[in-house]
Amino acid sequence: MAAGCRFFAGYPITPASEISEILSSRLPRIGGTFLQMEDEIASLGAVIGASLAGTKSMTATSGPGFSLMQENLGFACIAEVPCVIVNVMRGGPSTGLPTNTAQGDVLQARWGTHGDHPIIVLAVSTTLDCFKITVEAFNLSEKFRTPVIILSDETVAHTREAITLPAVEDLAVTDRIAPNMPPEWYIPYQDSASGIPPMASIGDGYRHHVTGLVHDVRGFPTQLPHEIDSFIRRLHRKITQGFHEIQMTRPCCLEDAEVAVIAYGSVARSAHRAVKDARRQGVKAGLLELITLFPFPRQTVEELLGRCRAVLVPEMNMGQISREVKRVNQGRTRIEKYNRVDGNLITPDEICKCLVGM
Amino acid sequence: MPEEITKLIHKYLRHDKKFPHVWCPGCGNGIVLGSMIRAIDRLGLNKDDVVLVSGIGCSGRMPVYVDFNTLHTTHGRALTFATGVKLAKPSLQVIVVMGDGDATAIGGNHLIHAARRNLNLTAIIINNQIYGMTGGQFSPTSPYGSFAATAPFGHVEHAFSIAELVQTAGAAFVARGTVYHALMLDTLIEKGIRKRGFSVVEVMSNCHVQFGRRNKMADPVTMMKWLKDSAVPVEKARKMTPDALEGKFTIGILADVTKPIYTQEYQKIRDGSQEK
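Those sequence lines, one after another, are chains A and B.
Going by my numbering, the first residue of the first sequence is number 2, and it counts up by one from there.
Going by my numbering, the first residue of the second sequence is number 95, and it counts up by one from there.
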């Protein structure tokens with residue numbers, strides 16, 4: 002709401018229902034709309050529709066619902082519709098472990114919808130993150146005209162802690178760029194240096210066509226190879242060019258670190274404590290917390306891999322981000338995985354023990 | 095007269111879009127588009143205020159040709175996108191065009207819930223009893239015993255009756271027309287758009303290429319004759335026996351009820367929650 006979100010559509014699912022419940026009470030008070038749809042497919046459809054009509058919109062779900070959203074997620078990518086999708090991860094696959102924590106949907110968030118598409122995926126680890134990173138997610142979504150996925154997990158979602166929210170007036174809020182030319186000059190998908198075309202809202206007088214088909218600069222379906230090629234490449238380029246703005250990481254005790262942890266989500270919180278414990282035991286440990294998971298913060302990770310003796314990647318999956326870290330590593334240093342897939346959070350002790358042993 | 099109608103239709107077509115359209119010669123979709131344009135013209139709606147939303151299939155291509163705000167969504171999901179647009183800007187006139195497979199198979203859940211929710215939307219469902227674009231597979235409205243690309247030995251499932259389905263689901267306005275009764279269709283669509291609440295106009299249409307060809311009606315004229323002979327006005331049908339109505343369908347206004355619309359109800363929630 003602080004980011005300007007005025008529309009939410011969702012479907013009940015554990016452990017994400019709290020977001021719906023709170024917004025059903027808060028959004029109408031500020032003139033916004035809360036809508037409970039018949040399923041998650043419909044939820045994301047309504048979110049996209051509302052965003053096309055000019056309202057900042059979001060939805061929240063968990064694994065099974067996130068799977069259902071993948072088709073419309075692709076629509077938001079191809080039609081370049083800003084929206085935010087929160088996936089509070091629980092154990093999977095399928096119905097899995099509805100009330101247990103997990104991080105199994107990381108690569109689904111990146112590659113879940115079909116076709117060659119770029120996307121932004123952010124992870125949250127604390128209650129304050131849930132506020133601040135959501136604002137950031139809306140800003141990136143509006144700026145780059147792309148869906149942004151926020152990966153939370155059951156642990157983060159069900160953590161209660163006292164936090165001080167930043168003053169709303171101190172928050173930087175980005176809005177999509179509206180066309181400034183007269184409607185007859187508006188070319189809805191025209192390329193530019195940034196690769197991000199201005200976005201007209203439905204009903205603002207800029208009548209144009211929005212489609213899930215690959216389209217030309219006017220928005221009309223095309224099958225001409227050169228038009229298809231320049232369109233798909235622009236979709237990727239607009240995100241690639243924005244790397245420096247999109248990539249967010251949080252370093253901790255890395256200045257003199259010999260061994261480092263790369264973690265995200267609730268595991269990063271355990272790692273934070275583990276690094277401090279390891280330092281008390283004389284191990285020069287550090288933590289790189291990833292907030293942006295995709296596009297993968299390659300440069301920051303690369304720099305760290307170049308100067309650490311060993312790097313630990315603890316995850317509540319069988320190794321989804323460690324795969325990315327290894328891809329970047331190219332043999333620079335030793336990468337160790339620590340995986341827990343029993344529905345429980347990785348504890349600081351477990352991470353500390355690994356660090357001491359490295 | 096025909097020249098005037100052509101001129102009127104051209105007023106609403108997109109001239110920067112390369113024609114010809116994707117529809118086969120003789121397709122009913124063009125008649126539905128013509129009816130919709132005439133209805134919109136009669137209502138005097140501003141092009142900027144009209145949103146035409148579609149799903150996937152032959153009917154899904156309709157929006158690209160007309161000069162409104164147009165939105166071509168994913169298969170079966172048109173009503174969900176339309177719901178978002180309408181709630182974000184309730185002053186817009188949102189019209190959703192779908193096919194029978196789009197609306198009642200993959201989008202069946204959204205259809206019944208949209209009818210229940212009662213937003214002020216107009217849904218035009220073109221029912222040609224087949225999946226045309228994908229090559230003539232049977233749809234939820236293909237009649238029992240009919241032939242399709244995926245029913246080479248005759249169809250063993252029973253068909254949905256769309257108008258009756260949405261009526262039961264709670265739609266405020268339900269009508270059925272055909273592409274043969276084009277002037278009547280103009281009026282039904284006009285009334286559908288005028289209606290405050292969720293309105294559905296089912297249009298029985300011809301797909302002689304995919305449905306007709308496999309069911310002894312391989313040309314548009316034969317299919318038009320079939321539409322003419324099978325359609326029974328609702329008033330007349332009330333006096334007929336079920337046996338006499340076998341294999342036929344009713345046309346006209348099937349339901350027109352007044353009920354609170356969602357946007358008004360939700361505004362009450364907004365107004366009421368302010369004080370708290």
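Where hints are given, some of them may not hold.
Coverage of chain A stretches by chain B, computed from C-beta distances (three or more under 8 Å per stretch; other residues unrestricted) [claimed, not checked]: (1) 83–97; (2) 100–107; (3) 209–215; (4) 322–328.
Which residues of chain A face chain B? A few of them, derived with a C-beta cut under 8 Å, are [said to hold, decoys possible]: (5) I188; (6) V218; (7) P222; (8) L225; (9) P226.
Simulated restraints, written as ranges between beta carbons of each label pair [as the list claims (entries may be wrong)]: (10) S26/A / S324/B: 47 to 53 Å; (11) V250/B / E185/A: 41 to 47 Å; (12) P94/A / K330/B: 53 to 59 Å; (13) Q37/A / Y238/B: 35 to 41 Å; (14) P237/B / W112/A: 52 to 58 Å; (15) Y238/B / W186/A: 42 to 48 Å; (16) R27/A / R290/B: 24 to 30 Å.
None of these hints come from the bench; they were simulated from the model.
Cβ atoms here follow ideal geometry from the backbone N, Cα and C, with glycine treated the same way.
In ascending order, which of the hints set out earlier in this document are inconsistent with the structure?
1, 2, 4, 5, 6, 8, 9, 11, 14, 15
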